[in-house]
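Colleague: Below, each chain spelled out in residue letters.
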Amino acid sequence: MSAAIEASGLTKRYRSTLALDGVDFRIEAGRIIGLIGPNGAGKTTVLKTMLGLTDFAGTLNVLGRDPRREREDLMREVCFIADVAVLPRWISVEKAVDFVEGIHPRFDRQRCERFLARTKLQPKQKVRQMSKGMIVQLHLALVMAIDARLLVLDEPTLGLDILYRKQFYQSLLEDYFDEHKTILVTTHQVEEIEHILTDLMFIRDGRIVLNTDMDSMGERFIEVMVNADHAETARALGPLDERTVFGKHVFLFDGVERERIMALGETRRPSVSDLFVATMKGTYA
Amino acid sequence: MKTYYWLIKREFWEHRGSFLWAPVIATGIFLLLNVMGIITFEVFAARHGININGLNLDQLVHSMNAHDLAKIGIGIDMAMMSSSSLIGIVLGIVVFFYCLGSLYDDRRDRSILFWKSLPISDRDTVISKALAATVLAPVIATICGLIGAVIMLLLVMLVAAIHGVGLWSLLGYAHPLRSLFTLVAIIPVNLVWALPAVGWLMLCSAWARSKPFLWAVAIPVGAGIIVSWLKFLGIAGISGAWFWRDVVTRVLLSVFPSGWIGNDSFIVSGDRMQGMHFPEHLQRLASIGHAWGQLARPEFIIGAVAGVAMIAAAIWFRRTRTET
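As you go down the protein sequences, you meet chains A and B in turn. Counting in the working numbering, the final residue of the first sequence is number 299, and the numbers go up one at a time with none missing. Counting in the working numbering, the final residue of the second sequence is number 352, and the numbers go up one at a time with none missing.
Treat the hints as calculated values from the structure; they're not laboratory data. Treat each hint with caution, since some may be false.
[Said to hold, decoys possible] Straight line, CA to CA, 16 Å or less: simulated EDC-like cross-link-like pairs of lysine to aspartate or glutamate: (1) 37(B) / 108(A); (2) 37(B) / 112(A); (3) 30(B) / 112(A); (4) 109(A) / 127(A); (5) 140(A) / 108(A); (6) 146(A) / 169(A); (7) 146(A) / 137(B); (8) 295(A) / 273(A); (9) 295(A) / 219(A); (10) 109(A) / 39(B); (11) 37(B) / 115(A); (12) 30(B) / 115(A).
[To be verified] Listed next, the stretches of chain B that the computed footprint assigns to chain A, with coverage defined by at least 3 CB atoms under 8 Å from CB atoms of chain A: (13) 132-138; (14) 141-148.
Since the model is a prediction, treat every value here as computed from it, not as a measurement. Beta carbons: idealized from backbone N, C-alpha and C, even for Gly.
Please construct the entire structure, taking both the sequences and the accompanying hints into account.
Modeller: Spelled out as structure tokens, the structure:
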């Protein structure tokens, strides 16, 4: 498999703070990666370096190109939706479609119009007259009609209601994603994208603290629900995290032998959000 | 070329109100004011039988000699060109604020993230905006000026006809086609003249994290005050007056068209109006050769080089500065 993105020693410093502290990672093509981290951990900075929106130290290779020097060429094969509502407020649906068609060599107008036909958007409607959810529908229709190799999504569904959020990820999976495409997404609504991710990256204080595919994550991390009388035994195995649910203790283990844990009680694969909370303990303290 | 077509079209879409409607409305207002003025004059003349030099208007025209008629011809040229003056002021204001917002507004509302997600280089983006300011807006304003000029000519001919003056004989002394052509021919001269202001304003727009207007004005005016002060103390070697005229005014106000028509070439004062100088100056003003000759003036060349350098700097800032 070829790497879609390769970073080594990626460093970015804003005046006094170190936003990225020598980050190394490799993202294979054809994956859906969730980049998850607390506020201010450096998520958006990582994305910005990939998109050539900011300078950085270290080496970074996106689809075989250096985003600092070849942003224009790179953007033929990379799409991104940064946050919601970044479409210019004066533009109308038809003008946005005309413009992207005029500018982008890989844009398929018929495809875009098919996506738009599923929404309530009208050709003459301007962005300033749309709700947040509608703006995202327009942006997504534009982006999905571009035959790109890498799609970068930075909090694409922030502030949308659950209907729009579900529809957003469903469209991406059903009508867009295939083995030639790579999708990198950051979001705080981890539970909603958990089932579509193939890979997971946790970032904290400018460092990648976890980088795993979802299958390995299920093997490495295990959650067990233990009665109070076994709690001490479980604690002795050095859990990553402990919490209490209805008088039972729930322990999260990292790389501890499965048989020993299964003896303690009912086991399951931890959710990404529980793993996230356990990994990020003390971030804001 | 296709990219530039769409980029400039985008600017027109976004700024249709200021690029198109502002000059159209200015032309309309100018023509309306003139029609009102003519009607007022006609009403007064009819009521009071206004006399000039003991003659009434009809007799006045009929008693003119060839020299006077030549002046009338120039007057007609002036009337045709005059609609461009108000449009020019509107154009200057439009271009000034367009440039100031051109690389700042989309950073403030974050739509820059959408524009930057498309395969367009920062160079092409900035150049397309500079072209919108120096070509698109002036061309639209000039088309309005041409229409205004033709309507003014028709008005003058209508008034002349009311007073029984032969239209075609009067037109023979005027130069309507040359007047129209001059309006078009000075577009490139205005373009080169505007470069330092367009460059400076766009540079501030690309660079400022907030309040680009304040920076754009405060820096040159502050520099001017310091230069004048040093001069006053007898320290600086450069002339304060020169700095104000050729730096401060140029980077801020040369977006106004025809600002290069200096005091030396066009003096409108009461006594000169009467004398021989006025037609001569007007001839020079209306002469395309004279206008194009201005391009060789050092302030044109140095200003253009500085303007292009500042546009290049704006491209550089546009590359890395995406936030406000």
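Colleague: Now look at each hint and say whether the structure bears it out.
Modeller: Okay, the hints, checked on the actual structure:
1. 37(B) / 108(A): 14 Å, holds
2. 37(B) / 112(A): 11 Å, holds
3. 30(B) / 112(A): The hint holds at about 13 Å.
4. 109(A) / 127(A): Measuring from Cα to Cα gives roughly 13 Å; hence the hint holds.
5. 140(A) / 108(A): 9 Å, holds
6. 146(A) / 169(A): It holds: about 13 Å lies between the C-alpha atoms, which stays within 16 Å.
7. 146(A) / 137(B): 14 Å, holds
8. 295(A) / 273(A): At roughly 27 Å apart (the allowed maximum being 16 Å), residue 273(A) and residue 295(A) break the hint.
9. 295(A) / 219(A): 12 Å, holds
10. 109(A) / 39(B): Holds: residue 109(A) and residue 39(B) sit about 12 Å apart, inside 16 Å.
11. 37(B) / 115(A): 13 Å, holds
12. 30(B) / 115(A): 11 Å, holds
13. 132-138: With 3 residues close enough to chain A, the hint holds.
14. 141-148: Result for this restraint: holds, n = 8.
Taken one by one, the earlier hints fail for this structure only at number 8.
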